[in-house]
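S.K.: Take a look at the letters that make up each chain.
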Amino acid sequence: MAFQDNPGFARRTLLAGSGAAVLAAPAIAQSAPIKIGLVVTATGPAASLGTHLRDGWLLGMRHLDTKIGGRRVETLVIDDELRPDVAVTKVRAALERDKVDFIVGVVFSNILGAIIRPVTDAGTFLISTNAGPSTLAGRGCSPYFFTTSYNNDQVHSVMGQVAQDSNYRRVFVMTPNYQAGRDAVAGFKSKFQGTVVDEVYVPLTQLDFSAELARIASLRPDAIFTFMPGGLGVNLVKQYRQAGLATIPFLSTFTVDEATLPAQGEAALGFYAAASWAPNMDNPANQAFVRDFEGVYNYVPATYAAQSYDAARLLDSAVKKVGGNLTDKNALRAAIAAADFRSVRGPFRFGINQYPVQDFWQLQVARRPDGRFQTETVRKVLSANIDPWAPECRMPVRI
Amino acid sequence: MNATLLFVQALNGLQFGILLFLIAAGLTLVFGVMDFINLAHGVQYMVGAYLGATLAAWTGSFWLGLLLTLPATLGFGLLLEFLVFRHFYDRDHLSQVLATFGVILFLNEGVRVVFGTAPLQMPMPELLSGGVTVMDGLLYPTYRIAILAVGLATAGLLWFLVERTRAGMLVRAGASNAPMVSALGVDIRRLFMLVFGFGAMLAGFAGALATPILSVEPGMGDTPLILAFVVIVIGGIGSIRGAFLGALLVGLVETLGRGLMPDLMRLVMDPSAARQTGAALASMLVYIVMAAILTFRPAGLFPARR
Chain A
1 MAFQDNPGFA RRTLLAGSGA AVLAAPAIAQ SAPIKIGLVV TATGPAASLG
51 THLRDGWLLG MRHLDTKIGG RRVETLVIDD ELRPDVAVTK VRAALERDKV
101 DFIVGVVFSN ILGAIIRPVT DAGTFLISTN AGPSTLAGRG CSPYFFTTSY
151 NNDQVHSVMG QVAQDSNYRR VFVMTPNYQA GRDAVAGFKS KFQGTVVDEV
201 YVPLTQLDFS AELARIASLR PDAIFTFMPG GLGVNLVKQY RQAGLATIPF
251 LSTFTVDEAT LPAQGEAALG FYAAASWAPN MDNPANQAFV RDFEGVYNYV
301 PATYAAQSYD AARLLDSAVK KVGGNLTDKN ALRAAIAAAD FRSVRGPFRF
351 GINQYPVQDF WQLQVARRPD GRFQTETVRK VLSANIDPWA PECRMPVRI
Chain L
400 MNATLLFVQA LNGLQFGILL FLIAAGLTLV FGVMDFINLA HGVQYMVGAY
450 LGATLAAWTG SFWLGLLLTL PATLGFGLLL EFLVFRHFYD RDHLSQVLAT
500 FGVILFLNEG VRVVFGTAPL QMPMPELLSG GVTVMDGLLY PTYRIAILAV
550 GLATAGLLWF LVERTRAGML VRAGASNAPM VSALGVDIRR LFMLVFGFGA
600 MLAGFAGALA TPILSVEPGM GDTPLILAFV VIVIGGIGSI RGAFLGALLV
650 GLVETLGRGL MPDLMRLVMD PSAARQTGAA LASMLVYIVM AAILTFRPAG
700 LFPARR
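Note that the protein sequences, when read in sequence, are chains A and L.
Residue 86 in my numbering sits at position 86 of the first sequence, with consecutive numbering throughout.
Residue 548 in my numbering sits at position 149 of the second sequence, with consecutive numbering throughout.
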């Protein structure tokens, strides 16, 4: 298909499986297709995350024969351009003009924060496949909102637990100087009880980390914890390795993953990450996902792709449960909440706030026999973990 | 903060300053000589990085890639000049800003279409992959020392070209009074074109040189562009000497500020507030220094035009 080579689109209708629809059409199939608005970031420096997310969803569609619950699917790809105002305008158009049945996707929390009200006010279900902000997990939880990812705090706390379990007493912490960076430090400290020898906050536009690296060398910590998404992480990982600091364990979140590893390569080898999924997870659903993803798109999928793929499977299971009838919102919501599908990460269920209750793993960057790099599971750190905000959620029983 | 650490931080600052100089040198020439605001200078740096990484992958050699980047970015600069910039030399600065900003958007999107959204990888050249132990547990990568050397050599070469050659004399004359140079029978358009191409080549060279250290991704030129403007404004527009000293100053202030500010703040407030304030102040420090210099020397430290 042409779209996989061409990420520079703004918005495109993907119509597929048109011929096959007749073949497997069960009794429940209705003539109109189910329309999905897939919100991704396809412009700006973070576009590679959007590419992962989009390709994960599209592979899900491929595996499902472009049908969910037996009904044909039409996916409208919406580029949020990483601008909340643009996202709101485009999502409104998708809701009102295109009459989409579900909104799926969303890489960034600020985009989700902007579109959540227009979507839920319209009585449309929003399945986030990456952004999982605390606000929507706690007091702001909504019956129309589900996420197949996690709450960020959980991922950072995994690394705190790892540092604790590894008996690191002195840890150096470095994150960008913005809200998510400070949340990362708080999440880490929620499980780590040793000494934080220094906390360094760098500008989001930082290029050269040599000043911070010299500081790390002078303090000689047992480990460092960092959260440096995107290009920041590429710069840090390369420079950390070049400065000969790699003997100090590198604990990170959202810093080394399959989206940045192609650029970090050998420099990231042996560095640690945390997530609820990794490409090497040993279950049939995941093996099929990773094998076919690489076959079709020719790169190693990251969590963004896996969570989108899961969302496709999730919606398929839910629409099947309600017999293709999307009008009864309460039935549909119960069907989604049942999460009756095989997640690529293994055990998966939704908690009271409709965030996943799942296991979290410590991961390590490894080189595969074919020369590509990926994160691989080291050990399970948190089991059936519920995010810290869930108790604050007062979820209505009926919509 | 001991003396060794301070020395290492100063070295880091100088090294970052040299990298900035490589970017700012082309910008100050174009701005000073042609009175042309080229916001697209940052994307030319980015294109250099992409071309460097691609050519190195094709030829299988970092050095060959770096060498080929020079003619490639020169050609690319001349092409941009021919297609876009020459139509804006006589326009006001606002039109130039709009046009070159358009080029930024176009090229950032362009590299995404051509090279994809994921950052590119560029391994360190084998020859320079080691390091020198400068303090306990910290290597100073040989590659960074090489950047220092290359930057100093480039500065020397530029100084020689501008101060000691006929072309350089014309460039200096053009910087101080372009209409007069034109009236004396020099083809000012051709001079402009050459200066522009040369500036683009310098930016591209800096980009290719930075690839083993920095991430090669769309939009990577935006941050260095802002710092490069600070450098040339501090140094005095059009002055290579000013750009050199300005770049070193910005590199030092930026690096030492980040290293020292949180510690300084800790003297007057509690640690957690000191970290936040220190980090915030450190990122502002470059601009504070710029404002201070402009207060006393509105034309910069070494203005080309008097």
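Source of the hints: derived by calculation from the structure; they are not laboratory data.
The reader is advised that the hints may include incorrect statements.
As the list claims (entries may be wrong) - Just a sample of chain A residues kept apart from chain L, beta carbon distances all over 12 Å, derived: (1) His63; (2) Pro176; (3) Asn177; (4) Val237; (5) Arg241; (6) Leu245; (7) Glu258; (8) Asn283; (9) Ser317; (10) Ile386; (11) Glu392.
What the hints assert, rightly or not - If you want the footprint, here are the derived chain A segments under chain L, 3+ residues with CB under 8 Å: (12) 45-54; (13) 201-214; (14) 263-275.
Note that beta-carbon positions come from the ideal geometry of N, C-alpha and C, so glycine has one too.
S.K.: If a hint holds in the structure, say so; if it does not, say that too.
M.R.: So, going through the hints one by one against the coordinates:
no.	hint	in the structure
1	His63	23 Å, holds
2	Pro176	10 Å, violated
3	Asn177	5 Å, violated
4	Val237	9 Å, violated
5	Arg241	9 Å, violated
6	Leu245	7 Å, violated
7	Glu258	9 Å, violated
8	Asn283	27 Å, holds
9	Ser317	31 Å, holds
10	Ile386	29 Å, holds
11	Glu392	25 Å, holds
12	45-54	holds (count 5)
13	201-214	holds (count 11)
14	263-275	holds (count 4)
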